[in-house]
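Novice: Position chain B relative to chain A; hints supplied.
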Amino acid sequence: MRLFFTEIKKIRHRYIWLVYGAVFMVISLWIGWSMSRMDSYEITGQEYFYLLISLSLMNSIFLPITLACAASRLCDIELKGNTFKLLCTMQPRHSIYHIKLFLNSLYLLAFSLAETTLIPLLGHYFKVSQPLPTLHIYIFFFTTYVVSLVLYILQQSLSLVSGNQLFPLFLGVGGTFIGIFSAFFPSQAFFFRLLPWDYYLIGCPINMYYESATREVTYYEIPFPKVAFLGFLLFGIFIYFFGKNIFMKKEV
Amino acid sequence: MNKNSFVIQTTNLTKAYGKSGQTKDVVNKVNLAVPQGCIYGFLGPNGAGKSTTMKMLLGLIKPTGGEISILGTPFVSQGKTALNEKSRLTILKQTGSLIESPSYYGHLTGRENLEIICTLKNVPTKEISQVLSIVRMENQQDKKVGHYSLGMKQRLGLASALLGHPKLLLLDEPTNGLDPAGIQEMRELIRSLPENYHMTIMVSSHLLSEIDQMADYVGIINKGQLIFQDSLLRLHTHSKKQLRLRTGNNNRALCVLNENKINCTMDKDFLLFPETSDDETARLISALVQEGISVLRIEEYQKSLEDIFLSLTGKQVSL
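Residue numbers (full-length UniProt numbering), protein chains in the order written: chain A, 1 to 252; chain B, 1 to 319.
Calculated from the structure, these hints are not laboratory results.
Capping the alpha-carbon separation at 30 Å, the derived lysine-lysine pairs in DSSO-like fashion look like this:
| no. | chain 1 | residue 1 | chain 2 | residue 2 |
| --- | --- | --- | --- | --- |
| 1 | A | Lys249 | B | Lys19 |
| 2 | B | Lys93 | A | Lys244 |
| 3 | A | Lys80 | B | Lys144 |
| 4 | A | Lys9 | B | Lys167 |
Extracted from the complex, chain A is given alone in its bound form:
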């Protein structure tokens, strides 16, 4: 706990909560605005499916760069001030990595919970007719939290071992572009299963079909891709051990 409170003290004035808060506000306003402009016949009876897929899409666009920013802001304070050589004489080196990861996992938990809560709230506000798909909402929460955590581990590992924060930030921007472009391809495409940033959409329990002739969109449920997600989790575990190991070996 002592180390955790120290980390809280360290990030004073860094406003990391604001990074997540701002992104949450943008997503909320955007989705609220798009719901309000949607013609009722387009999504009647499918409003929650529309919300789930839209939020997953926005997560895949916004969260990669958000996570890169959060990791960079958390790690940059150590790199800028050359603090590793001091910290390593006062606390176990692995704890530097773990405390930052733990702290950010709390931010992600709060963000994922807030976003998940947004779904029934918007449903209530717009008086949607579709019954609340509870299981799908749980899956959405799980996907948002786990994918963000894995991507954060990747970003933190890079931010801690890179002397310059540009590379991790570029990777985050790249992730955002992948998020945008992947939406134009079928989520079952094998190539996209190799890209971790695409898992917000792969883990979404809803898919959509656009009929260009009638210009109609149909939302439909898809089974959760357990095998692909298991592979993704294994990737996350690998990145965690690999990133931590490189950080532990890094000379300060």
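Specialist: Using the frame of chain A, we list chain B on its own:
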């Protein structure tokens, strides 16, 4: 000296970089012995291995071989950490360090920085005012460290190192980047610590004059090897006196003196004699005068510390 009275002791401490077969020893079999309560000056040119050695002492770098004992506790044995992480940190809790540049959080104030160190070291925050007063930074404590000058950052680094009243202080080039007034202030501050707070200080520098004015004991490292280690007084005794003589015809004088079996060497415009007694001096002057060689100048010459350093390391003092 009793073995236990050494606060730091290393045996064949080695650090090599590179792949097997092409390794380069940055620190090569260094045997440090830092006596208790002294200021130990660790002197060497840039790239000699000072920082690497100090980082190994703090456990920041793993040695390739050798042993380290800190405050009487084996720290590293056979190149491997002899302690678990918890014990290592317990030992290091009794040490303070300022390695290379100061460590700080630029977005926080000086006091907030010290509060973080207090929490990590488990030291009461009331010590903050005390260390700020030691480094004379009470008036700047509420300013963001990012706005500090380098000298202020160095002093804050020293204040961080002093938190918890460590028995041992490791300072790596603490006067780097300071202006002359700052250097003098830092030097005085360091000099006062062993007496006032019963600390042992190991301070590294590439400036001989700095170590000369601060240290009681000196270790000189060059190309990773410890080439001298003893008291500063002992280092000064290396500077043997010599007699320097300039004549109207040095070449002829050299021949005459050699014929009279007087040992001397030629050095530029001077003839150099090893330390000679008054009788011997009178005899050689007489020999030269009898041969009609005019004696222009005679002086006693003593090697400066710089000359000794140069002869030990083969490098200029302005390292």
